[in-house]
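There are 2 protein chains.
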Amino acid sequence: MQNRKGFPEKLHSVREVVEEVLKASTLRIGEEEVTVGIEAIGRIASRDVKARIDIPSFDRTLLDGYAARSEDIVYASPESPVSLRLVPKNLGKIGPGECIELNTGEPVPLGADVLVPYEYTSRHGGIVYVYRSFPSGYGVGLRGEDVQRGEIIIHKGERIRPWHMALVSSQGIPSIHVYKKIRAAVFSTGEEILEPGEPYVEGKLYDSTRRLVLAQLHEMGLDVTDAGLLGDDEDEIYSKFKELLENYDIVFSIGGTSMGRRDYTVKALKRLKPDPFYHGFAIKPGRPGAIGVVNGKIVMALSGFPVAALAELELVFKPIIERLYGTRLGYPRVKAKLVKRIPSQPGILELYRVRVWVEDDNYLVEPLRLTGSGVLSTLIRGNGLLRIPEDSTGYEVGDEVWVEILDPQKITGS
Amino acid sequence: MQNRKGFPEKLHSVREVVEEVLKASTLRIGEEEVTVGIEAIGRIASRDVKARIDIPSFDRTLLDGYAARSEDIVYASPESPVSLRLVPKNLGKIGPGECIELNTGEPVPLGADVLVPYEYTSRHGGIVYVYRSFPSGYGVGLRGEDVQRGEIIIHKGERIRPWHMALVSSQGIPSIHVYKKIRAAVFSTGEEILEPGEPYVEGKLYDSTRRLVLAQLHEMGLDVTDAGLLGDDEDEIYSKFKELLENYDIVFSIGGTSMGRRDYTVKALKRLKPDPFYHGFAIKPGRPGAIGVVNGKIVMALSGFPVAALAELELVFKPIIERLYGTRLGYPRVKAKLVKRIPSQPGILELYRVRVWVEDDNYLVEPLRLTGSGVLSTLIRGNGLLRIPEDSTGYEVGDEVWVEILDPQKITGS
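Read top to bottom, the protein sequences are chains H and Y. So the first sequence is numbered by our numbering: it starts at 1 and just counts up by one. So the second sequence is numbered by our numbering: it starts at 1 and just counts up by one.
Errors might be hidden in some of the hints.
[To be verified] Below, a list of computed lysine to any residue pairs in the SDA-like style, where the Cα atoms sit at most 20 angstroms apart:
no., chain 1, residue 1, chain 2, residue 2
1, Y, 93, H, 404
2, Y, 204, H, 107
3, Y, 410, H, 46
4, Y, 410, H, 331
5, H, 89, Y, 191
6, H, 410, Y, 27
7, H, 337, Y, 401
8, Y, 50, H, 200
9, H, 156, Y, 410
10, H, 337, Y, 359
11, Y, 180, Y, 27
12, Y, 335, H, 331
13, Y, 340, Y, 377
14, Y, 410, H, 404
15, Y, 337, H, 401
16, Y, 335, Y, 359
[As the list claims (entries may be wrong)] Per label pair, the in silico range of CB-to-CB distance:
no., chain 1, residue 1, chain 2, residue 2, range
17, H, 126, Y, 347, 34 to 44 angstroms
18, Y, 89, H, 13, 33 to 43 angstroms
19, H, 90, Y, 243, 50 to 60 angstroms
20, Y, 92, H, 343, 32 to 42 angstroms
21, Y, 142, H, 219, 26 to 36 angstroms
22, Y, 19, H, 14, 46 to 56 angstroms
23, H, 83, Y, 340, 50 to 60 angstroms
24, H, 15, Y, 296, 57 to 67 angstroms
25, H, 95, Y, 203, 15 to 25 angstroms
26, Y, 135, H, 323, 44 to 54 angstroms
27, H, 180, Y, 296, 38 to 48 angstroms
28, Y, 70, H, 29, 53 to 63 angstroms
Think of the hints as simulated: they come from the structure by calculation, not from any bench. Just so you know, even glycine gets a beta-carbon here, dropped at the ideal spot from N, CA and C.
Please work from the sequences and hints to get the whole structure.
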């Protein structure tokens, strides 16, 4: 739980935190080979994948008709068609005055440089009459015109999408290299927390933040482990941190980050002698979070409030993971017109949960309240995120702002 | 392989195809219960989920300070502070002239209606001096203010995202109902096709479409099975269709859809006596596709070309699956300015693969070539889709158009 007096005195800029944590971290992401198929979707390429063969791999026809020599039909016209002798396809080559009948996608025979479409021909027995001339190369797809051997078809750091499957498999490549998933463990703390399924106890509350954090880290491409719920005991939390750090790349705690009497998680984390160590981020929400590096591994203490924890992940952790994987995990952005003023405190990076909708063929955006109560409900009422940079004092009604879309399904009016 | 002469004579509108297929289909999507956690992410809710408890579940403090009665401090001012007697928290109630010290998030004691922040108090032993008046309700979050019991927190048909986890688990709900995944099998046909990993043979080509289709259906939320590669034999294809229809909800074939000599897949499909049956869609690319209903199940014959098959899935199949699941599977849309003219044939729904980027703080969009060669490469060069409706004759340079974003990671300049 955070409180007014409970904010850390000194707030650290995201830039500083990200740089220093990355500098001290010795995490090296391994790679593994996955079969080209569904299991590769969503993974991040750890190497460039280059085309092995030209596509098309031979000069091929783009139409159905007759392969011919353009020089033979230069003077062809409706009035004086040129007659060509049809030779069998399996010859694989034509000489002067000859042609071969072909379907789309077949290899162009030796000697031919043009594909005459059926529409401009007529046929009488073994003779084909051509009624028009065509420039050399007409109706022919050249070898390598689509994809050239050696060309990069997946770049290192790209997230694999369905269409990458088409490209890679068209090259005959059966498997690709992707980064191993970073292994993260998440535990939460708090005597007042109940687990879903447990009977309700007046005055307590059910966990929401841990399940949110696990789901969000999973969407960022991490291999997450739910390490359960602890009480408020500093020693117990310290032991849990130590234990998890032996088996995971990154360890997250939830809750107990406020300054003062209730910062048991931060105190436990400090006993691990993290270097560097930051408690207090220049972000809103999410100020009370902490992060440190212990034996080269990253340990992060997230706020107990779901919206604050989400902001700590989005604003502080995501840039770190993006740098580790050499990729971007951003949401698609749209430009939208603000219907409500948003004041902002300079020096603080703010993250607003917003509602975006389409009206009169344009995007409009409304910030949702993030403080006080009405916190959980903003998670489902909102469908986007608005970042207000450190140097901004906010935006006025009517300003056009860039908004990240979290949930395209929930955009009404479109 | 499709060809100019190979297009079906009559093209069926997407609207007609979707309506008639849904009318004849007897597919009923079952539901299953999943634990609130990572396995629920991406699934589609099959029932509304309602809040069981109010959040907050009690009137709680929003600040650290002293719970008091607003009527006691009406005349408090810096010049004449009101003195209140501090009573122990575990009493759970206050009487006139009393107060209780509380942290943020704690239950408001009986009798108290205001939380006086520390900043406006001073304390001397068991006496708290209050220097300002506060209206009733100040610093107090009312029960149900965030989420009200009975409120819908997940709507039937919604795709489960991480933040839904927070809401559902805050309600103590351990599991939710989601639609079962539709089970689809996909096979491809073509003597000329090689499987990745096989040695290359001159004049043949490696499969790209089947792996693309499997990946795309997986992203649409289907449970897909790779049913392999067949030759061009109509009997063999017919048997495969029959066999797969016994075990799967939906069966897809790839290739052999052109009219004429090479429509062996369509001929095999017809022998199953589908009703209704459509061969030829009023879309571009993807005209030669076919779809039918056999024993209430859906059978779809996709084109062999990857870009055509993708359009058939996007324009014809996706609306069907959206209706079956009662959901929307759309990509996020942005408005972008066209840098190149796009002519379009009226009566045909066209799908262009496009490249979208940000320049001077605005989205620009360029259509990529979809016909002739340069087909596979447009899959990775593009990052968006542009739909041109049936009634449009296309767009001019400078027109603002709505573009669907496939790959936010690939938008440069943003």
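**OP:** Find the hints from earlier in the document that the structure breaks and name them by number, from lowest to highest.
**Re:** Hints 1, 6, 19, 23 contradicted; others consistent.
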